[in-house]
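Engineer: Here are the chains, one letter per residue:
Protein chains: 4
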Amino acid sequence: MSPVSVAFDPRDPDFRSRVQASFARQQIMTTLHAELIELEPGKVSIRMPFNQAMTQQHGYLHAGIIGTIADSACGYAAFSLMPAGAAVLSVEYKLNLLAPAEGQEFIATGQVLKPGRTLTVCDGEVIALSNNQQSRIASMTATMMTVTGRDIQD
Amino acid sequence: MSPVSVAFDPRDPDFRSRVQASFARQQIMTTLHAELIELEPGKVSIRMPFNQAMTQQHGYLHAGIIGTIADSACGYAAFSLMPAGAAVLSVEYKLNLLAPAEGQEFIATGQVLKPGRTLTVCDGEVIALSNNQQSRIASMTATMMTVTGRDIQD
Amino acid sequence: MSPVSVAFDPRDPDFRSRVQASFARQQIMTTLHAELIELEPGKVSIRMPFNQAMTQQHGYLHAGIIGTIADSACGYAAFSLMPAGAAVLSVEYKLNLLAPAEGQEFIATGQVLKPGRTLTVCDGEVIALSNNQQSRIASMTATMMTVTGRDIQD
Amino acid sequence: MSPVSVAFDPRDPDFRSRVQASFARQQIMTTLHAELIELEPGKVSIRMPFNQAMTQQHGYLHAGIIGTIADSACGYAAFSLMPAGAAVLSVEYKLNLLAPAEGQEFIATGQVLKPGRTLTVCDGEVIALSNNQQSRIASMTATMMTVTGRDIQD
Numbered sequence: 784m785s786p787v788s789v790a791f792d793p794r795d796p797d798f799r800s801r802v803q804a805s806f807a808r809q810q811i812m813t814t815l816h817a818e819l820i821e822l823e824p825g826k827v828s829i830r831m832p833f834n835q836a837m838t839q840q841h842g843y844l845h846a847g848i849i850g851t852i853a854d855s856a857c858g859y860a861a862f863s864l865m866p867a868g869a870a871v872l873s874v875e876y877k878l879n880l881l882a883p884a885e886g887q888e889f890i891a892t893g894q895v896l897k898p899g900r901t902l903t904v905c906d907g908e909v910i911a912l913s914n915n916q917q918s919r920i921a922s923m924t925a926t927m928m929t930v931t932g933r934d935i936q937d
Numbered sequence: 784m785s786p787v788s789v790a791f792d793p794r795d796p797d798f799r800s801r802v803q804a805s806f807a808r809q810q811i812m813t814t815l816h817a818e819l820i821e822l823e824p825g826k827v828s829i830r831m832p833f834n835q836a837m838t839q840q841h842g843y844l845h846a847g848i849i850g851t852i853a854d855s856a857c858g859y860a861a862f863s864l865m866p867a868g869a870a871v872l873s874v875e876y877k878l879n880l881l882a883p884a885e886g887q888e889f890i891a892t893g894q895v896l897k898p899g900r901t902l903t904v905c906d907g908e909v910i911a912l913s914n915n916q917q918s919r920i921a922s923m924t925a926t927m928m929t930v931t932g933r934d935i936q937d
Numbered sequence: 784m785s786p787v788s789v790a791f792d793p794r795d796p797d798f799r800s801r802v803q804a805s806f807a808r809q810q811i812m813t814t815l816h817a818e819l820i821e822l823e824p825g826k827v828s829i830r831m832p833f834n835q836a837m838t839q840q841h842g843y844l845h846a847g848i849i850g851t852i853a854d855s856a857c858g859y860a861a862f863s864l865m866p867a868g869a870a871v872l873s874v875e876y877k878l879n880l881l882a883p884a885e886g887q888e889f890i891a892t893g894q895v896l897k898p899g900r901t902l903t904v905c906d907g908e909v910i911a912l913s914n915n916q917q918s919r920i921a922s923m924t925a926t927m928m929t930v931t932g933r934d935i936q937d
Numbered sequence: 784m785s786p787v788s789v790a791f792d793p794r795d796p797d798f799r800s801r802v803q804a805s806f807a808r809q810q811i812m813t814t815l816h817a818e819l820i821e822l823e824p825g826k827v828s829i830r831m832p833f834n835q836a837m838t839q840q841h842g843y844l845h846a847g848i849i850g851t852i853a854d855s856a857c858g859y860a861a862f863s864l865m866p867a868g869a870a871v872l873s874v875e876y877k878l879n880l881l882a883p884a885e886g887q888e889f890i891a892t893g894q895v896l897k898p899g900r901t902l903t904v905c906d907g908e909v910i911a912l913s914n915n916q917q918s919r920i921a922s923m924t925a926t927m928m929t930v931t932g933r934d935i936q937d
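Residue numbers (our numbering), protein chains in the order written: chain A, 784 to 937; chain B, 784 to 937; chain C, 784 to 937; chain D, 784 to 937.
Certain hints may be false.
Below, simulated SDA-like cross-link-like pairs (lysine to any residue); rule was C-alpha separation at most 25 Å, straight line [what the hints assert, rightly or not]:
#1 K826/C <-> Q917/B
#2 K826/A <-> Q917/B
#3 K826/C <-> H841/B
Cβ-to-Cβ under 10 Å is the rule here; a few derived chain B residues that face chain D [said to hold, decoys possible]:
#4 D792
#5 Q810
#6 L902
#7 T926
The set of hints was computed from the structure by calculation and includes no laboratory data. Note that the structure is predicted; figures quoted are calculated from it, not measured. Quick reminder that beta carbons are idealized off the backbone N, C-alpha and C, glycines included.
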């Protein structure tokens, strides 16, 4: 889907430690036993195991939890390209559920589609792994905002 | 926003117990200490308290958890109008975050905008309550699907 | 859907003439024979007649044209609350098609849900009128951006 | 963005003539001087020239027209995989505007992300061409519905 492919230069050379520190402050990531497994300029992947406590009525992971890891992956993909001192906020996201969220673990990947001074648009997807088979279960588009000069610390 | 207002007749007179039973099977609702506080044909509200374990990097409730309760509220609003024996699945949802999710508790309300045989479109919103002040923090549009004759039990 | 209802004060007392002038510059509105039929702070309605030249394969108005008038209604609802000298740009919108776009005329209404310094979130809906019966055929959520100090003139 | 890549087998070997015939019935495509320039199983591209009559207040193509060609590209990408005798309807789409729609011509490409018996999810993007330079100006996610056994002819 990308005839116009772009590699991104991070504005902050120290982006990795900045993303890792912010991720570590997301208490929900600890609650979900989620971990950062990929962190490149404009691209972040998060893995979490299946979690019975987070299921919906059919025993699948709740769509909102799929949205949670996809939103964080997109947010940190955007954040990796922001200048030092900036904070990131989710403006909006859309999630399409492509298949029930069953599997032993789930990997959400966020990628920057279009970085901007104020707004950054990201694509996200979530893969389920089941007995070493992977299937795409969700697709996200998210708009992230760069926040600077406020009292929010990231 | 509703010059075309409609009251909905549930196709299943026993819709309340059906929604309540399905809600009780969503383990994530128990995990979030969430409860059904309103259940009318085509309209459902869910309340949850602030939860430190579900926060993002600034200490607010993670946008994905806001999405979780809004998605369940929309899903059960749709489900309340479905025939007995049907199951509900989320096809897609879009969430706009209007303000940081801070407050002592959060109420998500889902309302059916357009019911359909296969697809039902719902509006959702999430309100934060802080010292008896309420503010709207999120808005959702969700598409729900009626599933019948499959091995999914609701 | 609005327990938190708000009336908006326009920051520019001359907002009406500013919106009307910008609307008049949208050549597509002339092409669609569309007209502004309501213009209040944070609320705008646009009416257009059925247009054979804008139809899809079944003879209904194309979803993209429904999106066009809903996007303009949302954009001008946001623009009505912006300060003098600002321009408005669409960041993103989501459109749910609730019924085929058949009818003699169509009215799109945009309303500000949450105004902001940079971003304004709007709800939109489109009504079809057929033999004096009206039905809601589409629902939109749109994010609009206030642009200032650039070379864009509105 | 696609670790899970899939090639699609059309269920109807005659899908090309079916898509072309339906495209020819979209009067808006004629109005926009739009043409099908790519038609593969699950992938469709549509090109249209800049059109002064379809512009917004700054002289760019209106976002709704960008949405129109992206929606048709996504719809026909989905339609290419549907069985003979089926019709396609847009359920919903979300459009992110990445840059102003300026250029001599515009190419919208729709690709099936997940085909389904009832619903098909598609990714779309729109490229602007200006003096042989191309830039991505919009990104879409769309949900399309297979309609059979009704009085709609495609």
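Engineer: So which of the earlier hints does this model not fit?
Structural biologist: 2, 3, 4, 5
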